[in-house]
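Chains as they are written, first to last, in this note's numbering: chain G, 21 to 712; chain F, 21 to 712.
Keep in mind that a hint or two might mislead.
What the hints assert, rightly or not - With a straight-line Cα cutoff of 25 angstroms, these simulated SDA-like cross-link-like pairs (lysine to any residue) come out:
#1 F:Lys619 x G:Asp225
#2 F:Lys121 x F:Lys209
#3 G:Lys105 x F:Ala354
#4 G:Lys266 x G:Val203
#5 G:Lys23 x G:Pro99
#6 G:Lys619 x F:Glu104
#7 F:Lys61 x G:Ala69
#8 F:Lys282 x F:Asp152
#9 F:Lys24 x F:Ala354
#10 G:Lys371 x F:Lys619
#11 F:Lys608 x G:Ala69
What the hints assert, rightly or not - Now the stretches of chain G that chain F is said to cover, found in silico as 3 or more residues with beta-carbon under 8 angstroms:
#12 92-103
#13 141-148
#14 152-161
Simulated from the structure, these hints should not be mistaken for lab results.
Every residue gets a Cβ at the ideal spot worked out from N, C-alpha and C, and that includes glycine.
Listed below, chain by chain, are the residues.
Number of protein chains: 2
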Amino acid sequence: MIKKFVSGTPFNTEAVTDFYSYENNSLASLPYFNFTTEKDKLILEYRMAENDAVYGLGEANRGINKRGGRYVSFCTDDPSHTEEKVSLYGAHNFIIVRSSKTFGLFIDCPSEVVFDIGYERYDILSISCVSDVAIFLITGNGLYDIARQFRQAIGTSYIPPRWAFGYQQCRWSYMSAAEIRDVVFNHRKHNIPLDAVYMDIDYMDGYKDFTVNDATFPDFTAFVNEMSSMDIHLVPIIDAGVKIEKDYETYEEGVANDYFCKNENGEDFTATVWPGLTHFPDFLNPSAREWFGNKYQFLIDKGIDGFWNDMNEPALFHTPEGILEAHERACALADLDPDPASSEYMDCFYKFKDLSSRLNNRMEDYARIYHNINGQTVNHLKVHNLYGYNMTRAAGEAFERICPDKRLLLFSRSSYIGMHRYGGIWTGDNMSWWSHILLSMKMMPSLNMCGFLYTGSDIGGFGCNCSRQLLLRWLGFGIFTPLMRNHAALGTRVQEVYRFENIHEFKNVIDIRYALLPYLYSEFVKAALKDEMYFRPLAFDYPDDEIANRIEDQLMVGEGLMIAPVYTENTVRRYVYLPEDMLYIRFKGFAQRTCEILKKGDHCIEVGYDEIPVFVKKNHMLLLTKPALSSNALDYYKYTAYVYRDPETSVTYELYNDDGYTSRLSLKDNISPISVDESGKLIAASGYEVEV
Amino acid sequence: MIKKFVSGTPFNTEAVTDFYSYENNSLASLPYFNFTTEKDKLILEYRMAENDAVYGLGEANRGINKRGGRYVSFCTDDPSHTEEKVSLYGAHNFIIVRSSKTFGLFIDCPSEVVFDIGYERYDILSISCVSDVAIFLITGNGLYDIARQFRQAIGTSYIPPRWAFGYQQCRWSYMSAAEIRDVVFNHRKHNIPLDAVYMDIDYMDGYKDFTVNDATFPDFTAFVNEMSSMDIHLVPIIDAGVKIEKDYETYEEGVANDYFCKNENGEDFTATVWPGLTHFPDFLNPSAREWFGNKYQFLIDKGIDGFWNDMNEPALFHTPEGILEAHERACALADLDPDPASSEYMDCFYKFKDLSSRLNNRMEDYARIYHNINGQTVNHLKVHNLYGYNMTRAAGEAFERICPDKRLLLFSRSSYIGMHRYGGIWTGDNMSWWSHILLSMKMMPSLNMCGFLYTGSDIGGFGCNCSRQLLLRWLGFGIFTPLMRNHAALGTRVQEVYRFENIHEFKNVIDIRYALLPYLYSEFVKAALKDEMYFRPLAFDYPDDEIANRIEDQLMVGEGLMIAPVYTENTVRRYVYLPEDMLYIRFKGFAQRTCEILKKGDHCIEVGYDEIPVFVKKNHMLLLTKPALSSNALDYYKYTAYVYRDPETSVTYELYNDDGYTSRLSLKDNISPISVDESGKLIAASGYEVEV
C-alpha cells in the first residue's frame, strides 16, 4: 500500500505518475518517524535497531545496505568516487528500511535531500530536506513487493532496443570516422562481438549539439550506413549546454524563443562548458523541452538510433562571474610585491588559488539560474535534481513523436526518479580501480529499485589507466549489466580489448554475453513490463536468510540466476554463499562449460581470469544461444537449456522475444513457453528449437 | 646467498651495512634479467610466467602480490592513496620474485626507480633506474629465507620501548595541555587502555622545531611528568623544515654552520612549509645530522621519550621561485580584459590556475636542492629518497649518544631501506576509507621484508570522516600492528573511541591488544633480533599451497598466529582459508572467548563488530595476560596459555621479556621457555605463572 504525506506545497516532479490521485495525508500522521521542522527545513528521524538495514538510493556510493553512511541527493559532476563522497550524478530518494517494520519511503523532492543512515549516530536514520515535500510511504509483503509497488507508482521503466544489449565500445574520443572504422575492424578481426561504437564530444563541430564535424566525419549518413551494414550502431553524445555562437541554429532559436535558463537579471544564463560560453536549455519548460527534443531528429535522419545525454547535472566549468571574481583576486595579487614571507601576499595568493580551483559546479552559480516552469520563475536550487531528468525526457518524448514504432537507445549521466521512463543511465565517470567493479555491482540493485533497469558502469574504468586483468574481470561482471560498455577517458591508456595480450581470453568472456543475450533480454523486458527488478540483492530473494541478507558481492539476476564476479586482483578463486541448492555452471568461453549441483551453504569456487561462474536457482531454466559477432547475427530461436529441477517437477521458462526494436511491447504476444515436463521431456513453443 | 652487481659508480646509501665488503660483479653477469642502458638509464627485464608473483616494495600501493601494477620509488607527500597512485611516502626497492627461480632483488638506488610488474605487458617485469647503481641478488631456500638473508644484510631492525606497543591516540592537533588531559581523562574514565598521546605541529611555538608553546603548554616538564605518572607518554612531532626566524637558535646555528641544504647559487635553499619560509637541514651531511640529532635533547630533557619525524620527503608547499613564477602569470592575467570568451584570456587564466595549484612538491624545486655529502655537492634528485631516512638516522644516532641505555620511540613518515635500523614508520596520511584497512594489511608484510617491523597505519583514517563501525573494524586489525595509533586530521570528525556510542565495544577490542601485548612484544623483539618477519603473507609460511599463495586478506603474525580481520562494512562473517588445522579463538572482550579446532580448508566464521578471531598454528602456543589500562600495569609474569598440539607432542614457547626499555637486548638472557610436555603438563620458567 502506498500512502502520500504532504508538508507545505510540494513540487510535482512527475516521478510518481499519478501524483495528484493520492490522498494528501498530513505529515503529522506519518508513522514510524519523528519529524521536526526548522525554518524551511524538515527533519525526519527513525530509530534503527542493531541489525536493521536500509536499501535504495539508486546511484549512490558505498554498499547495497546503506547503513553507516551519509548521502546527499544533489546531482554532481564529480569523477572521483572515493569512499567519502556523498553525491554522485543522480538523485534517487527511494529507500527501503528493513526493520521491525519493513517499509519503503520516497522523498519526492527536487532539491537537496540529506540521508544520514546511522553515520552521525549508529541507531538513527535521519532525513532532511525542504519542508515543501511529498513523501510516499510504501508498505507491503516484504522487500521485493515494496520495490514492485513503488515501481508501479513511478511507471514502466525504459526499454532499449535489443542491440543495446550487445557489447559496446567507447572512448573520449574517437576523433574521426577512420578511427571508428579501425576500432570496428580490430574487433571483427579478432572475432570479438561488437554492436556499437560511441561518438564522444569531438564528433561535433566545435562541440555544438546537433552538428557533425564534416572534416573528420565526411558524408556522415553514408558512414552511419556503412557501420549499420556491419551491425554497428553509432551512438553520439549530446551535451546539455548550447554553444553561444551567432548563426548557430540551436543557439539562435533558443534565444529567440526564450528557451534558455535565465539569470537573476532575466538574461540567458551563461557558463563555460566544452564549447566555451554556453546557454542551458530550460528543460523544465515544456516548450523548450519539446523544441530541444525535436533537435535530435537531425541525427536520427542520418540513421542514428542511439544517444547518450551528458553534462546534464548541469556541469559548469565556470561562469563569467566566477572568472571576474578570480580576476579581481589576480589583480589584487599583481598589485602586491610577490613576497612569500608576507602573510598579506600569501593570503591573497591562496585566495586566488582556492577560488580558481573551485569555480566549477559552484553553488553560487547554480543559485543564479532560473527556470520558467509553467510561467512561474523558479530558482534552480529548488529543482536542481530535475535538470538531467528533463533533458532526457525531452529526447524520450521527442522519439515517441519522431519514430513512434521504434525503440531508440537513450541514456543519461544525471537523473532523478521519473527519468527511468525515458532512458537509462550509466553510472558516470568512474576510475580504473578494482574497487569500482564492486561499487558498480552494489549500485545495480539499488538503481533497479528506483526504476533504472538499463544501466551499467564504464567497463575498465573511465579515468586512470586500465590493466589487462582489471578489464578482463570488469567484463566478467559487465556481461550481466544491460548496458555493457567499455569506456575510457582522454589521456588514459587505450583499453579496447584488442590492445592487450591474449585477446582470446577477452573473447571467451564477451562470447558468454552473446550466448546469454536472448535470455538476459527476455529477463530484462519481463522485469521492466512487470515492474520487477532485474538485479536484486540476495536479501530480496531470501529475506529470512540472515547470511544472504549481508551479502554484497553476489547478485540475483533475472528470475533464475545468481552471479558472483571476481573483483580483486591476482585472484583465481572466490567464496560464494548459496542460499539454496543451485546449479553451478562454469564457463571458459562458450565451448567449455561444466555443470555441478552445489548445496546450500558456503563454497569456494575457482574462477580463472577468463572464466565466468553462473548459478541457476532450483526449478529454473537458463537458455544459451550460440555466440555471434553481433546481436543481429544471433539465433533467437535455437537454444541449449540448462535446467535444475526437483525430481518429477516441471519447469517452464517464459521466453520473451520480439523483433528487437518494436515499441509495441506485449508480454501476452511475445512470450513463448519452453518447458521441461515432470519426466524431463522438453517442450518448446512452436518455432523454437531447444536442447537440454 | 647474496651477490652484488654494479653498474657505473653507485652511491652507498648505507642500506646494506657492509656495502663495500661484497664483491663487485659486473651487471653483465646478472642472471635471469636482460638489461639495456639508454643514456644514464638502466632497464632490467624479466619474463614472468602466468602464475609468477612478485612481493616486496614495502610501503607501496595495491596488493601483497605486486603483479599487474606500476610503482615509482620516489618519496612523495600525497595523502590520497587511490588505486592509481604509484608513489607513496617511502622508497623500498626490495622485491622477491616467485617464479621458476625464486630470488630477491634489491635495487640500491637513492633516486627514482620504476617497477613495472606486468602492467604494460602482463608477462614482463621491468625495472628502470639510473645507470649508477648497485643491485643485490639474493637466492636461497624459499621466500622466507630470502627475506631473512636480505634483512641480515641491511642490519637489525629498530626496536621501540615496550610502551610503544600500547594503544596510542593522536589528532592534528590537540591544541593544549588541557585538551590532552581531557583525552586521557576520557580514556581512563571509560576504562580504555592508553599508553600515549601525540602532540602534532601545534604544540610548537610558531611551528619551530625544538620549541614548545608556553601559552598552551605552560610548565611543560611538569605536564610531561603528570602524564607520565598516569602511564601516558607524550610524543611530539618534529618536522624536517627549520623556520627562518632571526634569533631562533636552530635557524641561527644551521645558517652559521652551513648545515642547511643549498640552492643552485650556494645559498640556503628556501621553501614554505608549516612555519612559513624554512631551510632544510642537510641530513646527508654527517655534521648537520649530528647537530640536528642533538637538538632532540631539548625535549628529552623535559621527559619526552618518543618522537615522530614528519614532512621529510621533504614536503614543500612552494618555493619563492614558484611563487614568483605564479606571480608573473598573475600579472599577465591582470593585464588582460577578463573575457571568458577570449581564448587568449582563458589560456592565461588556466596557466595561472594550473601553476598555482601545483606549486607543492615540484620536481623543478627538488632539482634546485643541493647536498654536501662528504664535501661533494650532490643534486637532491640523485639522493631524494634518502632525506627522510637520514633525518631519522640523525635522531636515532643522537639517542644512542643522549640515552645509550634506553630505547626511545621513533618513527618517520618518509623512509628508505636502512632507516629501519633507526626507527619505524607509519604508513602516512591515509583516509577514513574501508579500503585503507585492507591496503594497510597488505603493506605490513611488504614492509617487514624491507626491515620495517615497527609500523602501522593511522587507525580510523587520517583524512575524511570516520564512522563508528569503520573505527571498530580498523582497530580489529590494528591490535596486531606494532604501532597501534588512532589518528585523525584537522577538520575531520573527532574519532577518539569515546566519541562514539557503545564505548564498551571499543574496550572489548582494545583490551585484546593488551591481553596479547606481552606475547606480541615477545614475537616482535624475537623477529627483529633474528632478522625475521613479524607479519608474513601466507605464501611465505605455506609456499607449496597454491591457495594460500593467493590470499591477501589474512596474515601470519609472529611464529604461531594467523589473523583474518573484517574490512568491509555491515559484515558480521567472513571467509577464512586455513592452510593447516588450527586452533580458532574467538574473542569478545577478554572475558568471553571460545575455542575450536578448525580443519585445514575454507571456513566461514562469524565476527561480531567487537569480536576478534585469532588462529593458532599447530604445536604453537599463545599467551594472554590480563588486560590493564596501560602497558606498564600489565602483569608480564602471569599468563593463560592456549596450546594446540599433536597428541604426545611437547610445545615450547620462548617468551622474550625485559624491562621494556633497556637497549641491551639479548635473546640469550631474556628468553624464558614455557612448555607443555608430551603429557600435557605445563612447565613454566621460574618466576612465571601460567595456566592452560
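**Request:** Kindly indicate which numbered hints from before are broken by the structure, ordering the numbers from low to high.
**Result:** 1, 2, 3, 4, 5, 6, 7, 9, 10, 14
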